Amino acid sequence: MPSAVFLSVFMLTPPAYCAPETDRESGLRVAPGWEAVKTHCTVCHSAQIVTSQRGDRDSWTSMVRWMQDTQGLWQFDPETENTILTYLADNYPPGNPGRRSNLPPGELP
Amino acid sequence: MPKKPPPIGIHELYRKDPDKADKQLWGRDVDPLTRRGFVKKSGLAAMAAALGAAIPFAGKMPGGLIPAAFADAGEPFTLEGKEGLTVLNDRPINAETPPHLLDDDFTPAKHFFVRNNGVPPTVEGIGDSNAWAIEITGESCLNPTRYTLAELKKKFKHYSYALTLECGGNGRNEFNPPAKGNQWSTGAVGCARWTGVRLRDVLMDCGIAEDAVYIGYYGADTHLSGDPGKVSISRGVPLDKALEDESLIAWQFNDEDIPLLNGYPVRLVTGGWPASTSGKWLKKIVLRNTVHDGAKMAPPSYNVPCKPVAPGTKVAGSDMCIIESMPVKSLVTFPRSGITHPLKKPFSCRGQAWAGDRSVRSVEVSIDFGATWLPATVKKPVNRLAWQRWEAELNFPQPGYYEVWARATDSEGSSQPMLVPGWNPKGYLNNACHRIAVQIA
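For the protein sequence lines, the chains are Y and S, in the order given.
Just so you know, we're using our numbering here: the first sequence kicks off at 25 and counts up by one.
Just so you know, we're using our numbering here: the second sequence kicks off at -3 and counts up by one.
Hints should not be assumed to be uniformly reliable.
[What the hints assert, rightly or not] Simulated pairs of lysine-lysine, DSSO-like, Cα-Cα distance not exceeding 30 Å:
#, chain 1, residue 1, chain 2, residue 2
1, S, LYS279, S, LYS292
2, S, LYS292, Y, LYS62
3, S, LYS226, S, LYS151
4, S, LYS292, S, LYS106
5, Y, LYS62, S, LYS226
6, S, LYS303, Y, LYS62
7, S, LYS150, S, LYS106
8, S, LYS292, S, LYS303
9, S, LYS151, S, LYS280
None of these hints come from the bench; they were simulated from the model.
Bear in mind the structure is a predicted one, so any value in this text is a computation, not a measurement.
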């Protein structure tokens, strides 16, 4: 049954359009600037605290400032800072979940 | 005393030695020539079970590769000494408990959530727990004193209380705009039976000056940056809270040593308040004549706007207030969300409810998205600040998709909201009612 074979192969092929490539070590999305984020952000903490967060550029900037002001993060040169903030804001932007989301797929019947 | 080494996270394991991580986590050995596949079926089975899905192209899967489901989402995997927790962050270690594993009256050590701000001490570094020293000092301490744990045990009367500890940021993942920090869903809470001495007895032994208003703690955990001059966390509570009967310097958790990740060999336990006030690996307590100013006392940490603000508002530190008692909340701990249940069989559900410094007066459940509510039975707490068991039996009118919602009301009449409550910059105090999904067939 060629159509069934086609269908199953189609379904098992990783859907590249909705699952961006991630760095296998850190879990960071591979996109311009990811190496800078890995280099500067995983010295103290896991990349999981990056990949689990969402925020706009302002929000990511305030996280960086808080770490610089209180947690011992070094200052970046302007180009590096721009690279890091652009990567974070582009790859981990806020969603629009509303005031309560549906229950997640893992908790559904 | 815990003999096992401290657990490390999946990324750290794979970073150190991907092949060894494969072997340790899944019992996986790859084909020595192609570096792909699974030599033994057991490794594949373990990985597939953890993924909750078969891996159709397992034979092609390269060795040392973290399954994307885990790499991206921090899905459940086993930390040593812990079982079934969802790891949110592996450095520092933060892991939460799925609701169905909070069904015990006293949460077992293996299921008790982990919220670490820094790097915990090691069992080797701690050494003989009875020789562990705790210093009581500060500008409002009349007779600064240093006790070993053995001396504390000998000198002061012992007390045991079941005390609920909940992270101030539990439920953070529902706030919008997203709030910074570990994205806790519902599982940064637990209630264990803690044994120790009353903080009050120890403070009084050291002399509390008349101007004392606050206490602060310091622990043996080190700062993530490795800078020895930095403190990872040093919080505290007003003197009134510190002097309550149930505020303990505790060395036992459910009649055993406290798990290393939860503060072994000794910690503070101030139930009902953000768990960050219950300092772990306790080394020092300071009696203060001002609000304690240790690390993570200042806004935005563990502070919320003093007056409610619109979502996304930038709030000045001077307009933020320190969180004190946690709000009323409940969980459905049985059944597990996602089950299918026959229409004709009675449906029993149960859970836990707690209310910070208050007690829980009633719990109601709804199967129609909050249109109507049915009363559940609620047990009295075993002591003040312990969570309370609730139970209900439900009937469904016809087959279909339902959600069971639980809503608790505290002793002052405050109830849980059905929507996510007031937005705040760091996403604290989400006590929206818990929901589970049920398919009635």
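Hint-by-hint comparison with the structure:
1. Of the supplied pair hints, the one linking LYS279 of chain S and LYS292 of chain S holds, its CA atoms being roughly 17 Å apart against a limit of 30 Å.
2. With a C-alpha separation of about 26 Å, the suggested pairing of LYS292 of chain S with LYS62 of chain Y holds against the 30 Å cut-off.
3. Proximity of LYS226 of chain S to LYS151 of chain S is assessed by CA-CA distance (about 33 Å); at most 30 Å being required, the pair is judged violated.
4. For a cut-off of 30 Å, the pair hint linking LYS292 of chain S to LYS106 of chain S stands: about 27 Å separates their Cα positions.
5. For the proposed pair LYS62 of chain Y and LYS226 of chain S, the alpha carbon gap of about 23 Å is at most 30 Å, so the pair holds.
6. A threshold of 30 Å between alpha carbons decides the hint, and for LYS303 of chain S with LYS62 of chain Y the separation of about 38 Å lies outside it, so the pair is violated.
7. This hinted pair checks out: LYS150 of chain S and LYS106 of chain S have alpha carbons roughly 29 Å apart, not beyond 30 Å.
8. Using a Cα cut-off of 30 Å, the hinted pair LYS292 of chain S and LYS303 of chain S holds, with the two alpha carbons roughly 21 Å apart.
9. Proximity of LYS151 of chain S to LYS280 of chain S is assessed by CA-CA distance (about 18 Å); at most 30 Å being required, the pair is judged to hold.
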